[in-house]
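**Student:** Here's the letter readout for the chains.
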Amino acid sequence: MAYDRPTELLVNQERVPAKGKCPECSEEQLFSYPVLSEGGWFKVVKCRHCLASLKRESDPVGQITIFSATI
Amino acid sequence: MIIDESTDRIRNLTEREFEAEYGASRYTCNVLANRSRFVAGHMSTNIVTRAFSPIISLNMDYVCAVVGPPELDYPLVGMNQGNFIFLGSLATGVRKTVEEFGVDRLAPGDLLVSNDPYRVGNHVNDACFIRPVFHGGRIVSFTVIRAHMLDIGGIIPGGFSLFKKNVYENGLVVPPMRIFEKGEPVKEVLRLFLDNGRFAATLLPDFFTINSSCALGDEQIQESVERYGLDAWLGAMRYSLDSSAEAMRRALQTLPDGEYEGEDVLDTDGADSEEIYRFHVTVIKKGKRVEVDLSGSSRQARTSLNATPLDAQTSAALGLKVLLDPQTPFTSGTYRNIDLVIPPGTISSAMPDASTHFYWEVQAALVNALINALAEPLGSRAIGGLYGSTNLHTGSGMTPDGRPWFSAAELEAQFGGWGATDAGDADGHTGTFTLNQRLTPTEEIERRVPVLLTAREYIPDTGGPGKYRGGSGFRKDSLFLADGDHWLMPLHFRFPSGFGVNGGKAGRVGGSWFFENQDPDKPECEYRLVGATDTDGVVVSGVVDENGALDENGEFAFFARVPYWTENKGSTLRWITNGGGGWGDPFEREIEAVIRDVRDGYVTILGALRDYGVVVVGDPDEDPEGLTIDEAATAAARA
Numbered sequence: 001m002a003y004d005r006p007t008e009l010l011v012n013q014e015r016v017p018a019k020g021k022c023p024e025c026s027e028e029q030l031f032s033y034p035v036l037s038e039g040g041w042f043k044v045v046k047c048r049h050c051l052a053s054l055k056r057e058s059d060p061v062g063q064i065t066i067f068s069a070t071i
Numbered sequence: 001m002i003i004d005e006s007t008d009r010i011r012n013l014t015e016r017e018f019e020a021e022y023g024a025s026r027y028t029c030n031v032l033a034n035r036s037r038f039v040a041g042h043m044s045t046n047i048v049t050r051a052f053s054p055i056i057s058l059n060m061d062y063v064c065a066v067v068g069p070p071e072l073d074y075p076l077v078g079m080n081q082g083n084f085i086f087l088g089s090l091a092t093g094v095r096k097t098v099e100e101f102g103v104d105r106l107a108p109g110d111l112l113v114s115n116d117p118y119r120v121g122n123h124v125n126d127a128c129f130i131r132p133v134f135h136g137g138r139i140v141s142f143t144v145i146r147a148h149m150l151d152i153g154g155i156i157p158g159g160f161s162l163f164k165k166n167v168y169e170n171g172l173v174v175p176p177m178r179i180f181e182k183g184e185p186v187k188e189v190l191r192l193f194l195d196n197g198r199f200a201a202t203l204l205p206d207f208f209t210i211n212s213s214c215a216l217g218d219e220q221i222q223e224s225v226e227r228y229g230l231d232a233w234l235g236a237m238r239y240s241l242d243s244s245a246e247a248m249r250r251a252l253q254t255l256p257d258g259e260y261e262g263e264d265v266l267d268t269d270g271a272d273s274e275e276i277y278r279f280h281v282t283v284i285k286k287g288k289r290v291e292v293d294l295s296g297s298s299r300q301a302r303t304s305l306n307a308t309p310l311d312a313q314t315s316a317a318l319g320l321k322v323l324l325d326p327q328t329p330f331t332s333g334t335y336r337n338i339d340l341v342i343p344p345g346t347i348s349s350a351m352p353d354a355s356t357h358f359y360w361e362v363q364a365a366l367v368n369a370l371i372n373a374l375a376e377p378l379g380s381r382a383i384g385g386l387y388g389s390t391n392l393h394t395g396s397g398m399t400p401d402g403r404p405w406f407s408a409a410e411l412e413a414q415f416g417g418w419g420a421t422d423a424g425d426a427d428g429h430t431g432t433f434t435l436n437q438r439l440t441p442t443e444e445i446e447r448r449v450p451v452l453l454t455a456r457e458y459i460p461d462t463g464g465p466g467k468y469r470g471g472s473g474f475r476k477d478s479l480f481l482a483d484g485d486h487w488l489m490p491l492h493f494r495f496p497s498g499f500g501v502n503g504g505k506a507g508r509v510g511g512s513w514f515f516e517n518q519d520p521d522k523p524e525c526e527y528r529l530v531g532a533t534d535t536d537g538v539v540v541s542g543v544v545d546e547n548g549a550l551d552e553n554g555e556f557a558f559f560a561r562v563p564y565w566t567e568n569k570g571s572t573l574r575w576i577t578n579g580g581g582g583w584g585d586p587f588e589r590e591i592e593a594v595i596r597d598v599r600d601g602y603v604t605i606l607g608a609l610r611d612y613g614v615v616v617v618g619d620p621d622e623d624p625e626g627l628t629i630d631e632a633a634t635a636a637a638r639a
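Chains as they are written, first to last, in the UniProt record's numbering: chain A, 1 to 71; chain D, 1 to 639.
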């Protein structure tokens, strides 16, 4: 699939606020976003304050859906 | 520096605990962990001694690897001392290829191939070959080779054009396919490659060599599993991964908690000179956790100056490894404590249908931005910036007797100055951290290409001054003996790349030129350039004055103002590379080191005074061993 080139000159990763409190540091700074790490792509919910992962869900597709791979 | 000495270290496990965890003794696991790297090394020896493509046999643009089975989630566990640009793509690329093809469809002796950057990273020339290793009817490993195919079709021979606007102009895109089935070639797949690429006669034997290299690795893994048992083989893989993860975790803990930002830039994507491409890296360190966030980086390029997220992952992990943990082997476990945050659609995470051909330039800029970000928190362990771009060249044409000629990735200035470290001065002629390749020997280039390499020498006063000097810029001159067209891709001559650290100064920025109408039939012609100023040439790229000479206050000459440079026999292409950054206050450099630099041509007498506060007396050309120091004048200069 083809994607449009971003219109903004500089691109930022969107972090979606998530509800809850970090069990490690008790801060309410949880955000949901994708990361690339050992094992590939993950959808994570992480604490902005201490970087603890409250959720790490493997995402085999990642950022790009390849049309021919969906056949 | 606080090191976490908690009890969760592998070394603290008792023998019984270790065997319960890894299925074999500590000794056996170490033997088998080394065995994975040994297997990859043997695969490498096989391919480098038999490949027909010079980019494999002479440049070593490949990597050989052992990857774990699906039950371990396809981890990279062993690799040869190959080309590091492929690291990030190995595990994830293998998983993607095998899963899409269908792991249940694989049989012993099969060889899969895919070259789609959006599946396996890199660019279409870098095909990924994967052989499943079966033992007792189950897959216990994969032997993998990532190697550069000399040609894969597309708009120019060899593919090294910055000006490809989309993936369709790159050449052939191969989804996961079986190129050898049960040891036998799948002829229709071979024909797909051969009918779409130039130089088919060279490519064909390379496919067989790659297959035999993967088969050799298969055989050696079978021997290992037979001798030590499957539990030990798989346990050693987990041990390798955990060891790498632990080594990086401990290394990261030497970094103070905080958020650190750094940046590098590339001049332009070649579409125009207006849009400058920024690589913004934020390293967030909290305890044993690290995020490397590329937010704030430029959007994807309009040309082929792009990379995929897997390529960016290579840079993030390799940059941290170079800075913090350079001693231990690299495996997928190295990534365990590093989360890469990379928004879609940046120059480092281009989306289809963008071309990612020049991904290694993106990788180099990312590493430079990362070491820039960590310069302050690392203190004495900081490293100066590198030379920037590999300044690629592709040329083709006809010799006077009507013979076609072609050269790719040979006549550029691929190597340059590194940044200095606390260990000492930096080298001036080494590849980027991510490129672990050799240069094609001059004799081989001159044998195949109508060209004479007439100069390759360091330029004084170009390495970043410091207590330890950055690597010097160097000049490379290539005199063409036939007419031809030249595609030039210098990407870092607009801004300095070799930043200094700990008080060190930046290396000087270089440029490139064509000197036309040299007469190659006259023996003295190669000497006519010696002593010539750069103002005699037509500037290709660089920040120059009105005469075309380097001037940091001048104007940027946009190299892509013409799509390619048509040059006649007798033209000389000149590169001057950027210098690497210095480390520490240059006025603290040992005086003896400065006088040695003047003797050896790294620093001029003027530069010694200006940059180092050292007054050198004498003639470095006529009496290099007779140089002396004016101690009183030096003391005054350094006061």
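I should point out that these hints are in silico values taken from the structure, not numbers from a laboratory.
In this text the structure is predicted, and so the values were computed from the model without any measurement.
Be aware that one or more of the hints could be misleading.
What the hints assert, rightly or not - Simulated crosslink set (EDC-like; lysine to aspartate or glutamate; CA at most 16 Å straight-line): (1) D:Lys288 x A:Glu24; (2) D:Lys569 x A:Glu24; (3) D:Lys286 x A:Asp4; (4) D:Lys165 x A:Glu24; (5) D:Lys286 x D:Glu261; (6) D:Lys285 x D:Asp242.
**Student:** Take the hints in turn and mark each one as holding or not.
**Tutor:** Each hint tested on the structure:
no. : hint                : in the structure
1   : D:Lys288 x A:Glu24  : holds (13 Å)
2   : D:Lys569 x A:Glu24  : violated (70 Å)
3   : D:Lys286 x A:Asp4   : violated (35 Å)
4   : D:Lys165 x A:Glu24  : violated (48 Å)
5   : D:Lys286 x D:Glu261 : holds (15 Å)
6   : D:Lys285 x D:Asp242 : violated (21 Å)
Of the numbered hints listed earlier, those contradicted by the structure are 2, 3, 4 and 6.
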